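Number of protein chains: 2
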Amino acid sequence: MSDAVDAIIGQWAKERPDVVEDLWPVELFGRIQRLARVVDKSAKATAAAHGVEHGEFDVLTTLQRSGPPYALTAGSFLKASMVTSGAITNRIDKMEAKGLVERVREGDDRRTIKIRLTEHGHEVTRAAFADHLANYARLLADVDRDLVEKTAEGLRQVLETLGDTTVK
Amino acid sequence: MSDAVDAIIGQWAKERPDVVEDLWPVELFGRIQRLARVVDKSAKATAAAHGVEHGEFDVLTTLQRSGPPYALTAGSFLKASMVTSGAITNRIDKMEAKGLVERVREGDDRRTIKIRLTEHGHEVTRAAFADHLANYARLLADVDRDLVEKTAEGLRQVLETLGDTTVK
DNA sequence: CTTGATAATCTCAACGTTGAGATAAAAGCA
DNA sequence: TGCTTTTATCTCAACGTTGAGATTATCAAG
Numbered sequence: 002m003s004d005a006v007d008a009i010i011g012q013w014a015k016e017r018p019d020v021v022e023d024l025w026p027v028e029l030f031g032r033i034q035r036l037a038r039v040v041d042k043s044a045k046a047t048a049a050a051h052g053v054e055h056g057e058f059d060v061l062t063t064l065q066r067s068g069p070p071y072a073l074t075a076g077s078f079l080k081a082s083m084v085t086s087g088a089i090t091n092r093i094d095k096m097e098a099k100g101l102v103e104r105v106r107e108g109d110d111r112r113t114i115k116i117r118l119t120e121h122g123h124e125v126t127r128a129a130f131a132d133h134l135a136n137y138a139r140l141l142a143d144v145d146r147d148l149v150e151k152t153a154e155g156l157r158q159v160l161e162t163l164g165d166t167t168v169k
Numbered sequence: 002m003s004d005a006v007d008a009i010i011g012q013w014a015k016e017r018p019d020v021v022e023d024l025w026p027v028e029l030f031g032r033i034q035r036l037a038r039v040v041d042k043s044a045k046a047t048a049a050a051h052g053v054e055h056g057e058f059d060v061l062t063t064l065q066r067s068g069p070p071y072a073l074t075a076g077s078f079l080k081a082s083m084v085t086s087g088a089i090t091n092r093i094d095k096m097e098a099k100g101l102v103e104r105v106r107e108g109d110d111r112r113t114i115k116i117r118l119t120e121h122g123h124e125v126t127r128a129a130f131a132d133h134l135a136n137y138a139r140l141l142a143d144v145d146r147d148l149v150e151k152t153a154e155g156l157r158q159v160l161e162t163l164g165d166t167t168v169k
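In order, the protein sequences belong to chains A and B. Here my numbering is used: the first residue of the first sequence is 2, the next is one more, and so on. Here my numbering is used: the first residue of the second sequence is 2, the next is one more, and so on.
A couple of the hints might just be wrong.
Pairs count within a copy or across copies, as identical chains cannot be separated in the list.
Each computed DSS-like pair below joins lysine-lysine, with the alpha-carbon atoms no more than 27 Å apart [said to hold, decoys possible]:
#: 1; residue 1: LYS80; residue 2: LYS42
#: 2; residue 1: LYS45; residue 2: LYS115
#: 3; residue 1: LYS45; residue 2: LYS99
#: 4; residue 1: LYS99; residue 2: LYS42
#: 5; residue 1: LYS115; residue 2: LYS99
#: 6; residue 1: LYS151; residue 2: LYS15
#: 7; residue 1: LYS95; residue 2: LYS42
#: 8; residue 1: LYS95; residue 2: LYS151
#: 9; residue 1: LYS15; residue 2: LYS80
No wet-lab data here; the hints were simulated from the structure. These numbers come from a predicted model, not from an experiment.
The task is simple: from the sequences and hints, build the whole structure.
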C-alpha cells in the first residue's frame, strides 16, 4: 500500500533523481502536513456545530483546562496558541460578544487583562469538547491502538528535540 | 522528558478526570497539530526568501515534479492542494503576474486551462526547493534517523486508513 | 520625581482563504 | 437539432490572521 506522500516522493524520484537522497524528511513532514489538514478540517466542523470558530474553541479549552478561576491573561494565549496578538484581540472581541468569555481587569498591573470563562462559556466548552473527543476517536477507529501510541511517542521525541516543551 | 502535549493532557487529567480515558487521540493529533505549525512556519520563511508565498511554492513544486510538459489544469491543483477554487485562481493570478507560470488554453476542451511553469518559474523552483530540503534536514538534524523513519511509517498507516492515498 | 526603557494590549490595513454563486463550455439525451 | 445536466474556472464579499505601529501602564535609574 502507499499513501499520497509515497506518490509525491515517487514523482520526485523520477523527475529529480538528484534530490532523492534529501527527500527523507518529506516522509515525516509531508505526512504531518497532510494529516494536520485532514484533522483540522474535521475539528473545524465539530467546533462550528457548536457555533464557535476553530481558534475560539482553542481559547475555550485552554481556559477550561487551566482550572479555577478559569481566567488567563491575553498574553498567555499569545504564547500558547502560536498566533499573533492581533488574532487574539480579534478572537476575544468576538467571544466576548457571544458571551463566552469576559475581559476583567484585576490585580496590580493595569496593563494586563484577564480573559475569564463565563458560565455559558463553560457549558459550550463541555459540550463541544465532548464532541471533539468523539470525533477524534472516530477518525482513529480503524487504526491499531498500539500503532497510535508508538507513533505519538515518536512525534513527542521530535517535538522535544525541536524545543516544543511547554504550553506556557 | 515531556513536551507541550504532555503538559496539556496533564492539565486535563487534573481538571476533567472524567475525560482522561478519551484523551488518547490527543497524544497523536495534538502533536501533529503542533508540529505542523512549527514546520509550516519554517517552510513559509524559506519560500519567502525566494519571493513566493507558501501556497505558491506548493504550486511550483507540484508542477515541477509532474514532469514534462510541466503543465497541469487548475482543477488538478484543487484536488491536490486541499484548498478551494477561489484560492487557486488567486494564486495563479499572482504567480502569472510574477512570471512564474502562464495560463495556456490547449486541447479540445476550452473550459480547461493549463498552468505551465515558465523558465523563470523553473529556476525559482529549483533554488527554493533546494533550500526547502536543506531547511527540512536542519530541523531534523538532532533527531535519530531511525526514529524519523519509524514515525513516518506510522503516520503513513494512519493516512492510508483515513483514505489519503492519492495526489490526484 | 523625572526620564527612559520595558511590557501588555489594541489598532488597522494588507493578505490569503473560504464558499456560494456566476459564467461558459461540453456532454448526455431525446 | 434542441434541452438539460454536468464540468471547469472565475468572481467577490466576508472572514480570520499577520505584523508593524500606537497606546497605556509599569519598572529601573539617576
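Verification of the supplied hints:
In this assembly of identical chains, LYS80 and LYS42 lie within 27 Å of each other by CA distance both inside one copy and across copies; the values are 23 Å within and 15 Å between. In this assembly of identical chains, the alpha carbons of LYS45 and LYS115 lie at most 27 Å apart only when taken from the same copy (26 Å versus 32 Å across copies). For the homomeric pair LYS45 and LYS99, the shortest alpha-carbon distance inside one copy (18 Å) is at most 27 Å, but the shortest distance between copies (33 Å) is not. Taking the shortest alpha-carbon separations for LYS99 and LYS42, only the intra-copy value of 23 Å comes in at or below 27 Å, while the best inter-copy value is 31 Å.
In this assembly of identical chains, the alpha carbons of LYS115 and LYS99 lie at most 27 Å apart only when taken from the same copy (17 Å versus 45 Å across copies). For the homomeric pair LYS151 and LYS15, the shortest alpha-carbon distance between copies (24 Å) is at most 27 Å, but the shortest distance inside one copy (32 Å) is not. For the homomeric pair LYS95 and LYS42, the shortest alpha-carbon distances inside one copy (21 Å) and between copies (26 Å) are both at most 27 Å. With identical chains, the CA atoms of LYS95 and LYS151 are never at most 27 Å apart, being 39 Å at best within one copy and 43 Å at best between copies.
Taking the closest pair of Cα atoms, LYS15 and LYS80 come within 27 Å of each other only across two copies (22 Å); inside a single copy the shortest separation is 43 Å, beyond that limit.
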